[in-house]
Amino acid sequence: MRAVVATQYGPPESFELAALPVPEPGPGQIQVRIAAVSINPGDIVIPSGAYKEQAPLTFPHVPGNDFAGTVTKIGAGVTTYGEGNLIFGHAVPRALKAMAGAHPSMTTGALAEYAVFEADTPFIAHRPPTLSPTDAAALPTVGLTTRALMATAQPVAGESVLVIGATGGVGTTLLPQLRHTRVIATGRPGDEALLHKVGAGTVIGYDDPYPTGVDLVLNLVLPTDRLQRAASALRPQGRLFTITFPPPRPEMIDRDDIRFELVLDLDGRFGGMAEVAALTPTIARVYPFEQAVQALTDFAHHHTVGKLVITV
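Here the sequence shown is numbered in this note's numbering, starting from 1 and rising by one per residue.
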């Protein structure tokens, strides 16, 4: 089969298309013919070597976490799926097992014609017939994150919400869910039309002054230790939630009157793929599999609005 592989730690420009054996499912696993894959930061960061001390990779490494495809084989003990089932979901490289949640779906890597996944996980589900393969592949990570943010932050109708980094896959999926609030979104001048379309009331530049007296701040991009300015935008007793690292500490923001938390759902506490299917992603571009390395390189080095998807 064809697969995108990293043969050593390095940037996505060093990845290549290569021929690998088709992986076979073991007990509790399913083999999937991949139809589409969307790109996430982990597809770039993990092969870069940034976490090689915590989770060393074996090479060749096949990236790819979020996918849609068709079940082609089932391992012993699998009853949830059968051959020919259309599915979609999220999985993580087997090297990251120690960092995953209680019921993850480990994978051989979705950026390939075939991949193997663990079947018993809320992070994989049957794909509704109304959901296209490209939309299904775009949704898993951004959908899980959107649901976790909404459930944790609990925005109230009429509240002012500052969304920092609204143009990415999470931001463009999250904004429609905030339609009953007053959204201030950060972006670039060329992003304004799309951000207004998906739900932003006001769009400001990344370096523009933030408004003051905001009820809720949702940080999607800035490192957590760079959120002092965001915290200053909040009203007394406001809420600041982030999906970035390092984990929040009170001294990072110099305020003790606000709620400051990391939002991270490793166990599907806020719903799995069945619930994520109800969301709508924004897809910036779809690449054929032959251009997969270019897609990963574009993701790493260029500003994109929404998700990049690769068809296989």
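Read the hints as simulated data drawn from the structure, not as lab findings.
Worth double-checking, as some hints may not be accurate.
Here are the in silico distance ranges between beta carbons for each label pair [stated by the list, open to error]:
{"no.": "1", "residue 1": "R249", "residue 2": "A50", "range": "20 to 30 Å"}
{"no.": "2", "residue 1": "T70", "residue 2": "R249", "range": "41 to 51 Å"}
{"no.": "3", "residue 1": "A151", "residue 2": "P60", "range": "13 to 23 Å"}
Here are the computed lysine to aspartate or glutamate pairs in the DMTMM-like style, where the Cα-Cα straight-line distance is at most 25 Å [what the hints assert, rightly or not]:
{"no.": "4", "residue 1": "K73", "residue 2": "E13"}
{"no.": "5", "residue 1": "K197", "residue 2": "D208"}
{"no.": "6", "residue 1": "K52", "residue 2": "D267"}
By construction, the Cβ of each residue, glycine as well, lies at the ideal position given by its N, Cα and C atoms.
Tell me, in ascending order, the numbers of any earlier hints that this structure violates. Hints 3 and 4 contradicted; others consistent.
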